[in-house]
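**Student:** Chains as they are written, first to last, in the numbering used here: chain U, 1 to 279; chain E, 1 to 291.
Check the hints yourself; a few may be wrong.
Taking beta-carbon pairs under 10 Å as the criterion, some of the chain U residues facing chain E (in silico) [stated by the list, open to error]:
(1) E126
(2) M130
(3) E205
(4) E243
Derived DEER-like restraints, expressed as beta-carbon distance ranges [stated by the list, open to error]:
(5) E135/U <-> P138/E: 48 to 58 Å
(6) E230/E <-> S278/U: 23 to 33 Å
(7) D26/E <-> R139/U: 30 to 40 Å
(8) R139/U <-> S13/E: 14 to 24 Å
(9) P117/U <-> T19/E: 35 to 45 Å
(10) F106/E <-> R139/U: 21 to 31 Å
(11) Q94/E <-> G3/U: 29 to 39 Å
(12) P138/E <-> R19/U: 42 to 52 Å
(13) R139/U <-> F142/E: 34 to 44 Å
(14) R236/U <-> D212/E: 52 to 62 Å
(15) R239/E <-> E135/U: 14 to 24 Å
(16) E120/E <-> R19/U: 30 to 40 Å
(17) E238/U <-> S140/E: 51 to 61 Å
Don't read these hints as lab results, they were simulated from the structure.
Every residue, glycine too, gets a C-beta built ideally from N, C-alpha and C.
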Amino acid sequence: MDGPLIRLEQVTHRYDPGRPDQVALDGVDLEVAAGEFVAVVGANGSGKSTLAKHLNALLLPTEGAVRVAGLDTRDPGAAWEVRRMVGMVFQNPDNQIVATVVEEDVAFGPENLGVEPSTIRARVKEALAMVRMSEFRARAPHLLSGGQKQRVAIAGILAMRPRCLVLDEATSMLDPSGRDEVLNTIRRLNKDEGLTVVHITHFMEEAGAADRVVVMDRGRVVLQGSPRTVFTQARRLERMGLEVPPITALAGILAAAGLPISAASLSVEEVVDALCPSS
Amino acid sequence: MPILIEKLEYAYSGGAESTPALAGIDLAIGDGEFVGIIGPTGSGKSTLVQHLNGLLRPDRGRVLVDGVDLADRHADLRAIRQKVGLVFQYPEHQLFEETVLEDVAFGPRNLAIPPDIVQERVVRALITVGLDPAEIGPRSPFALSGGQMRRVALAGVLAMEPQVLVLDEPAAGLDPRGRRDILGHIQRLRAERGITVVLVSHNMEEVARLTDRLVVLNAGRVVLEGPTREVFGQSDLLRQNGLGVPSITRLAAELRRRGMKVPADVVTVEEAAGAILRLWSSPSGQARAHA
């Protein structure tokens with residue numbers, strides 16, 4: 001299929017029809033290409049979770065349209081196919097585990113799709129390998145760490161052969177190593193398997209790993225581009241309740257003082273190379 | 001009101017696994033200290049802090065708060081909970097009253113304090129967390145934003161006027177501005193009233209900026225403890241325990257390795273910028289970097 005995998009056209013969403021002044025999404029236009037890794041950032045209440053829930057028909061636009069691989073999410077006949085193509089991982093790792101054994105949990109999705117048992121077994125095995133959780137297949141999910149639980153949740157989606165993975169603040173309740181596990185997993189799935197990833201997050205360091213960063217403020221997309229382009233707008237981000245990662249903030253101060261360094265530096269290595277060029 | 005923990009052991013009963021949550025903790029917290037507790041998930045952080053106000057009782061060992069042994073069945077836990085305020089993870093899940101004023105008043109009202117004093121405390125607590133009592137007070141806590149709900153929950157504990165404030169991941173799930181706001185209120189409260197603060201956090205940048213001393217837990221034990229800067233100087237040991245160091249600390253170490261004499265104990269953006277700019281403006285610093 002040509003064209004973007006997901007296309008939002010002038011999407012407006014109101015949770016309460018009685019309060020037309022309270023708009024969660026306000027005329028959002030956005031396209032996500034197949035194979036892209038997009039990070040969506042924004043303050044609490046900026047509309048990023050509402051946006052995420054539109055990508056797999058959990059919410060439908062009050063106005064405008066969302067198309068996934070050409071299917072209109074408002075079409076009741078398309079909802080199941082849309083949800084199979086776009087899988088969602090949520091914030092709380094404890095709320096998305098349904099089975100008492102890891103591999104049964106991963107099998108839950110394809111079973112509901114009516115996939116044949118022998119195919120399910122093959123898919124579960126493959127999905128657990130992709131998130132590097134094969135050795136935990138017979139474990140009880142509640143004994144896993146938060147990062148491991150989220151990887152199991154991702155495997156459950158992979159077993160349904162999706163086109164796109166949407167993470168709705170899926171790292172926000174994890175510790176730093178759990179966040180790294182999940183982030184490394186989605187980067188690998190994006191690079192190696194060509195899976196499209198939409199990662200909704202508060203953590204700007206995580207957004208730095210994406211191809212494109214989309215910034216939301218009060219229900220609108222107000223800024224988007226490569227992490228480098230977006231992070232040079234430190235002042236603007238701060239006004240929206242966000243902040244650039246510490247390394248980028250430091251690079252900004254040093255660049256402003258005239259040091260030979262890019263204000264949009266993203267990594268420790270980049271700053272070190274700028275300040276101490278190797279001979 | 002010092003806190004002394006001696007050989008504290010605790011295991012959750014009911015599970016098939018017999019691994020103890022706390023496996024012999026020794027720790028002293030002095031008056032007015034700002035102590036950070038860090039450790040990977042499941043290291044025992046939340047279990048430890050729930051012992052500080054008697055919510056959990058030790059299986060073995062002692063927890064002495066102001067000289068009172070909380071393991072003693074006759075200890076007056078009500079009095080202790082008045083002195084040691086505990087703010088849980090996602091405290092907004094425990095809001096339940098119809099208005100913000102009622103919710104914040106719930107704790108002090110249970111202390112049998114005269115109503116007019118309760119009212120004063122409620123107003124003061126709301127102002128401390130940056131909420132306008134006249135505007136927010138009459139509203140339902142459930143109609144507020146996530147960040148506001150979090151601040152109402154914190155105000156509920158502050159209205160008890162505790163001498164020790166224990167916070168378990170107070171900024172989790174908030175956006176950067178929300179995090180800065182809530183931690184700023186806590187910092188100011190400590191500066192103004194000299195209370196003791198114990199902060200459990202996963203955010204290394206935050207504990208680096210705020211705390212005087214760090215306690216690192218892993219598998220129910222204290223594996224590292226000391227002044228915050230010294231602890232972050234031990235990046236290898238932290239990594240072995242499933243933790244990182246602030247990216248600024250990592251940068252400083254890397255710059256030193258490449259010959260730039262940045263102090264090893266910088267932890268914040270401002271400190272690093274100051275140190276690098278000083279070195280850069282000194283002739284030797286620039287010469288070295290360009291060599």
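**Student:** Now tell me if each hint is right for this structure.
**Tutor:** Hints, one by one, checked against the model:
This hint is violated: E126/U has a C-beta 28 Å from the nearest C-beta of chain E, more than the 10 Å allowed. With a cut of 10 Å, the hint placing M130/U at the interface with chain E is violated, because the nearest CB-to-CB distance is about 23 Å. Hint status for E205/U relative to chain E: holds, with the closest Cβ pair at about 8 Å, below 10 Å. Checking E243/U against chain E by beta carbon gives a least distance of about 4 Å; that is within 10 Å, so the hint holds.
Restraint check, E135/U to P138/E: a C-beta distance of roughly 55 Å satisfies the suggested window 48 to 58 Å. Restraint check, E230/E to S278/U: a C-beta distance of roughly 31 Å satisfies the suggested window 23 to 33 Å. Checking the proposed 30 to 40 Å range against D26/E and R139/U shows it holds: the Cβ atoms sit about 33 Å from each other. Take R139/U and S13/E: their Cβ atoms lie about 22 Å apart, and the range 14 to 24 Å holds.
Here the CB-CB span from P117/U to T19/E is close to 36 Å, well matched to the stated 35 to 45 Å. Between F106/E and R139/U, the C-beta spacing of about 41 Å breaks the proposed range 21 to 31 Å. Separated by about 48 Å at the C-beta atoms, Q94/E and G3/U break the suggested range of 29 to 39 Å. At about 19 Å, the beta-carbon gap between P138/E and R19/U misses the expected band of 42 to 52 Å.
Taking 34 to 44 Å as the suggested C-beta distance range, the pair R139/U and F142/E conforms, at roughly 37 Å. For the pair R236/U and D212/E, the supplied restraint of 52 to 62 Å is violated, since their beta-carbon distance comes to about 34 Å. A hinted range of 14 to 24 Å holds for the C-beta pair R239/E and E135/U, which are about 23 Å apart. Between E120/E and R19/U, the C-beta spacing of about 35 Å keeps the proposed range 30 to 40 Å intact.
Remark: the range hint 51 to 61 Å for E238/U to S140/E is contradicted by a beta-carbon distance near 31 Å.
In this structure, the hints that do not hold are numbers 1, 2, 10, 11, 12, 14 and 17, in rising order.
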